[in-house]
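Asker: As a plain string of letters, each chain reads:
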Amino acid sequence: RKEVEQDPGPFNVPEGATVAFNCTYSNSASQSFFWYRQDCRKEPKLLMSVYSSGNEDGRFTAQLNRASQYISLLIRDSKLSDSATYLCVVNPPGGYQKVTFGTGTKLQVIP
Amino acid sequence: DAGVTQSPTHLIKTRGQQVTLRCSPISGHKSVSWYQQVLGQGPQFIFQYYEKEERGRGNFPDRFSARQFPNYSSELNVNALLLGDSALYLCASSRDGGNLNYGYTFGSGTRLTVV
Numbered sequence: 001r002k003e004v005e006q007d008p009g010p011f012n013v014p015e016g017a018t019v020a021f022n023c024t025y026s027n028s029a030s031q032s033f034f035w036y037r038q039d040c041r042k043e044p045k046l047l048m049s050v051y052s053s054g055n056e057d058g059r060f061t062a063q064l065n066r067a068s069q070y071i072s073l074l075i076r077d078s079k080l081s082d083s084a085t086y087l088c089v090v091n092p093p094g095g096y097q098k099v100t101f102g103t104g105t106k107l108q109v110i111p
Numbered sequence: 001d002a003g004v005t006q007s008p009t010h011l012i013k014t015r016g017q018q019v020t021l022r023c024s025p026i027s028g029h030k031s032v033s034w035y036q037q038v039l040g041q042g043p044q045f046i047f048q049y050y051e052k053e054e055r056g057r058g059n060f061p062d063r064f065s066a067r068q069f070p071n072y073s074s075e076l077n078v079n080a081l082l083l084g085d086s087a088l089y090l091c092a093s094s095r096d097g098g099n100l101n102y103g104y105t106f107g108s109g110t111r112l113t114v115v
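Line by line, the protein sequences give chains A and B. Here the first sequence is numbered in our numbering, starting from 1 and rising by one per residue. Here the second sequence is numbered in our numbering, starting from 1 and rising by one per residue.
Derived by calculation from the structure, the hints in this document are not laboratory data. Positions of the beta carbon are idealized from the N, C-alpha and C atoms, including for glycine. Incorrect hints may have been included.
[As the list claims (entries may be wrong)] Just a sample of chain B residues kept apart from chain A, beta carbon distances all over 12 Å, derived:
1) ARG55
2) ASP62
3) ASN79
[Stated by the list, open to error] What the simulated footprint calls covered on chain B by chain A, stretch by stretch (three residues with Cβ under 8 Å from a Cβ of chain A suffice, anywhere in the stretch; the number is not a length):
4) 37 to 43
5) 99 to 108
Generate the whole structure from the sequences, applying the supplied hints.
Answerer: Structure follows, in structure tokens:
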């Protein structure tokens, strides 16, 4: 099993739709989790951390399911500007060399 | 406040050459990590430096080396370049040294093309 797995997509959704991505991880001792957004040929930018209790930032909701070892990102009322690749990041114990990025899920919001 | 700055932004080198990439972290951040991202993949960890000491090393050959200076800026060196080294090299700044609790802030990267 890969350390971090994401569905590469692309997810093509109409404006205003709700879309959700999952990211599974293999190390049950992983301690912190993040979602990053990456636009084409740009650097990843931190979208949000993922907390055990779940957290929300505007139209974005992140959740952690430790029992099933996955994190999720829900985007409500999709905008054209949400089109990007979404990377999940998992931080197992053992230092920075263990921090693992998923390969990303590509989202295309269609007018 | 300045973010993470990287230089150069683009670079073209020939096989066998050597390259040095530079990074300045966010003011107050003492940890710098280097990542390699090839097209269609997530970033791959190369090194982490904290307080001028190497704290982590990824699965990259010895041709890759790095260092951190007293002002916390960092350089990544790659010797004997191969075509497969063509990638976006990202520098990431973070607050903590031992564990990634707050996430990274990335620089805009150096796009290296080896021909």
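Asker: Which hints, by number, does the structure contradict?
Answerer: Violated hint (a single one): 1; every other hint is consistent with the structure.
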